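Chemist: In the order they appear, the protein sequences are chains A and B.
Residues 15 to 231 (the working numbering) are what the first sequence spells out, left to right.
Residues 15 to 231 (the working numbering) are what the second sequence spells out, left to right.
Rather than coming from a laboratory, the hints here were simulated on the basis of the structure.
Treat each hint with caution, since some may be false.
Claimed, not checked - Distance windows between CB atoms, simulated:
1) B:Asp230 / A:Gly100: 42 to 52 Å
2) A:Thr105 / B:Glu53: 54 to 64 Å
3) B:Ala119 / A:Thr87: 41 to 51 Å
4) A:Leu118 / B:Asp230: 19 to 29 Å
5) A:Asp162 / B:Glu208: 18 to 28 Å
6) A:Asn170 / B:Thr105: 17 to 27 Å
7) B:Asp230 / A:Ile204: 16 to 26 Å
8) B:Asn68 / A:Pro173: 44 to 54 Å
9) A:Lys40 / B:Ala119: 11 to 21 Å
To be verified - With a cut-off of at most 27 Å between alpha-carbon atoms, the simulated DSSO-like pairs for lysine-lysine come out as follows:
10) A:Lys159 / B:Lys206
11) B:Lys40 / A:Lys69
12) B:Lys96 / B:Lys159
13) B:Lys151 / A:Lys206
14) A:Lys40 / B:Lys206
15) A:Lys40 / A:Lys27
16) B:Lys159 / A:Lys231
17) B:Lys159 / A:Lys206
18) A:Lys151 / B:Lys206
19) A:Lys206 / B:Lys165
20) A:Lys151 / B:Lys40
21) A:Lys151 / A:Lys165
22) B:Lys69 / A:Lys69
23) B:Lys159 / B:Lys206
24) A:Lys27 / A:Lys151
25) A:Lys96 / A:Lys231
26) B:Lys165 / A:Lys40
27) A:Lys165 / A:Lys206
28) B:Lys27 / B:Lys40
29) B:Lys206 / A:Lys206
In this text the structure is predicted, and so the values were computed from the model without any measurement.
No residue lacks a Cβ here, since even glycine has one placed at the ideal position from N, Cα and C.
There are 2 protein chains.
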Amino acid sequence: MADGSQKSKTKRKDRILDAAETLFAKHGFDGVSMRRVAEEAGVDLALSSYHFGNKRGLFDAVLLRRAEVLNETRLAALERCKAEAGEGGPTVDAIINAFLEPMLAHGYQEDEGWRHYFELVAQVNSSFEWGGQLMTKYFDPLVRKFIDALKEALPNAEPADLYWCYHFLSGALTLTFAHTGRIDQLSDGIAKSEDMVGAYERMVPFVAAGFRRLCDK
Amino acid sequence: MADGSQKSKTKRKDRILDAAETLFAKHGFDGVSMRRVAEEAGVDLALSSYHFGNKRGLFDAVLLRRAEVLNETRLAALERCKAEAGEGGPTVDAIINAFLEPMLAHGYQEDEGWRHYFELVAQVNSSFEWGGQLMTKYFDPLVRKFIDALKEALPNAEPADLYWCYHFLSGALTLTFAHTGRIDQLSDGIAKSEDMVGAYERMVPFVAAGFRRLCDK
DNA sequence: AATAAAATTCAACAAACGTTGAAAGTCAAC
DNA sequence: GTTGACTTTCAACGTTTGTTGAATTTTATT
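Generate the whole structure from the sequences, applying the supplied hints.
Modeler: What follows is the structure in C-alpha cells.
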C-alpha cells in the first residue's frame, strides 16, 4: 500500500508517547484523559494501558524518553567545555552555556516533539505535586555535575548560595521554555516567546552575572 | 453557643475559597473536584456552583481575591521606593526589592493562605493553558509600572532586553514560591525551600545583576 | 409575626473517567 | 502450516465528574 499517512510509519507505542507528550504539555496530567490520548494517537483506548500499565506509567514514560537524551547531550557539552578551557578551568559563562545550549540545539529546530517536551517539563518543575520528586529523579544526577563545575569556577562560593543560584536559573529556564505567550502580551510583541535564540543569548549572561555577584567572593 | 470550631467563624463563601485555594495549589485545576472542595470546606456540593457559577468561576475568584491585595501592596512599595530615592530615581536593586519584598511580607509569616496562593500562581504562570491569559489579566498592568521604573533606572536599555530580564525574574520568583522541595533534595538539605528570607535576600542581588549586565550600556 | 430575598441542602442527571478480562489479530520461528 | 508469544481490539465494569431544578432553611425587612 502506498499511502502517505503518518499512521503507517511509526509504531503504535511511539505514536501513543507522542500524543501523550503533546497533550500533557498543554493540559497537564489531570487535564488529559486516556481516551483523548488514544484518539490523538489513532489507537484503541486499551492499548496505552497495555504498553505502560496505567496512566501514571504513561506519564513517566513520556518524561523518561527524552530525559535520557537530554542528559547525555548536556554531559557531552559540559565535558567539551571543560576540554576547551585552559588551565584554570571553564568560566561561569561557559558552564552556563553548556547547560543551556543543548536545549536550543534540540529545541526549536522544527522539532515539535522537543518543544512539547520542554513545555511539559516546565509544568512539572513548577508543580507542587511532582516538582520535587520527578525533577530530582530525572535531572538532578546531571545537575550535580554542573554544580560541581561551578564550584570550581567559583572556589569561594558558599554552597547554599550556589544552590539558590541554580534554582533561579532553573526557574528562568523552565518558564522561558513553557511558551505561555505571556511575554508577547506584556511587551506588545516586542519580545516573542517563540524567539528561543534571543532568549538563549540573553539568559546566559543574565544568569552568569547573578552567579558571579552572589558567589564570586 | 460557645464552640471554638473554625467552621462557625468564617462565612461559607470564604471557606470555599480557602479550601479551593489550598487544593488548586497542590493539585491544579483539573486535579481537584468540586466534591473535594466542598468536603474540605465542610459545605454542600452545590454551594460552590451557587456562589461562583461553575468550577472555572471558582478558580478565577480564588486567583482574583489576593491579586488585588498584592497589586496594591506592590504599588505602594514602588511609590515608597521612588519617594525615598534621590534625584536620579531609585536604583535597579531598589526597584527589584520593591517588587519582591511584598511577597515576603505576606508570604511566609504563619499565613498558610498566602503561601498556598503563591504556590497556585507559580503553577498557573508556568502552565501553557493558563499562563498567558491569566497572568496577563491579573498582574501585567502593575508589572508595566515596574518595567517603566526600570526603564528610567536603565535609560540605555533595549526594550526587548528589559522584557526578557523581567521574564527571567518572573521564572525565578514563581519557582521559588512553588515550594516543590526540589532544592532541598538537590542540596541535601543545605538550602531549604521553606527559607523564604534566604531566598529573598539572594534573589534581589541575583536578578539585579542580570538586569545590569544586559541593560546597563 | 408576615414576607421576600438570599443562602443552603437534597437528589438526581447524563457524561466522562481509568481499568480490565476475554476475544481477535499479527508476526516470526520452527 | 502449526505453534506460541506479542500486539491490538472489543465491550463492559463500577466510579467519579460538573451541573442543575426543586425543596428547605436562614436572614433581613416591614
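Chemist: For every hint, state whether the structure bears it out.
Modeler: Do the hints match the structure? See the list:
{"no.": "1", "hint": "B:Asp230 / A:Gly100: 42 to 52 Å", "verdict": "violated, 29 Å"}
{"no.": "2", "hint": "A:Thr105 / B:Glu53: 54 to 64 Å", "verdict": "holds, 55 Å"}
{"no.": "3", "hint": "B:Ala119 / A:Thr87: 41 to 51 Å", "verdict": "holds, 42 Å"}
{"no.": "4", "hint": "A:Leu118 / B:Asp230: 19 to 29 Å", "verdict": "holds, 25 Å"}
{"no.": "5", "hint": "A:Asp162 / B:Glu208: 18 to 28 Å", "verdict": "holds, 25 Å"}
{"no.": "6", "hint": "A:Asn170 / B:Thr105: 17 to 27 Å", "verdict": "holds, 26 Å"}
{"no.": "7", "hint": "B:Asp230 / A:Ile204: 16 to 26 Å", "verdict": "holds, 19 Å"}
{"no.": "8", "hint": "B:Asn68 / A:Pro173: 44 to 54 Å", "verdict": "holds, 48 Å"}
{"no.": "9", "hint": "A:Lys40 / B:Ala119: 11 to 21 Å", "verdict": "violated, 35 Å"}
{"no.": "10", "hint": "A:Lys159 / B:Lys206", "verdict": "holds, 20 Å"}
{"no.": "11", "hint": "B:Lys40 / A:Lys69", "verdict": "holds, 19 Å"}
{"no.": "12", "hint": "B:Lys96 / B:Lys159", "verdict": "holds, 12 Å"}
{"no.": "13", "hint": "B:Lys151 / A:Lys206", "verdict": "holds, 18 Å"}
{"no.": "14", "hint": "A:Lys40 / B:Lys206", "verdict": "violated, 30 Å"}
{"no.": "15", "hint": "A:Lys40 / A:Lys27", "verdict": "holds, 20 Å"}
{"no.": "16", "hint": "B:Lys159 / A:Lys231", "verdict": "violated, 34 Å"}
{"no.": "17", "hint": "B:Lys159 / A:Lys206", "verdict": "holds, 20 Å"}
{"no.": "18", "hint": "A:Lys151 / B:Lys206", "verdict": "holds, 18 Å"}
{"no.": "19", "hint": "A:Lys206 / B:Lys165", "verdict": "holds, 19 Å"}
{"no.": "20", "hint": "A:Lys151 / B:Lys40", "verdict": "holds, 20 Å"}
{"no.": "21", "hint": "A:Lys151 / A:Lys165", "verdict": "holds, 22 Å"}
{"no.": "22", "hint": "B:Lys69 / A:Lys69", "verdict": "holds, 24 Å"}
{"no.": "23", "hint": "B:Lys159 / B:Lys206", "verdict": "violated, 32 Å"}
{"no.": "24", "hint": "A:Lys27 / A:Lys151", "verdict": "holds, 24 Å"}
{"no.": "25", "hint": "A:Lys96 / A:Lys231", "verdict": "holds, 22 Å"}
{"no.": "26", "hint": "B:Lys165 / A:Lys40", "verdict": "violated, 34 Å"}
{"no.": "27", "hint": "A:Lys165 / A:Lys206", "verdict": "violated, 34 Å"}
{"no.": "28", "hint": "B:Lys27 / B:Lys40", "verdict": "holds, 20 Å"}
{"no.": "29", "hint": "B:Lys206 / A:Lys206", "verdict": "violated, 34 Å"}
Hint compliance for this structure: hints 1, 9, 14, 16, 23, 26, 27, 29 are broken, all remaining hints hold.
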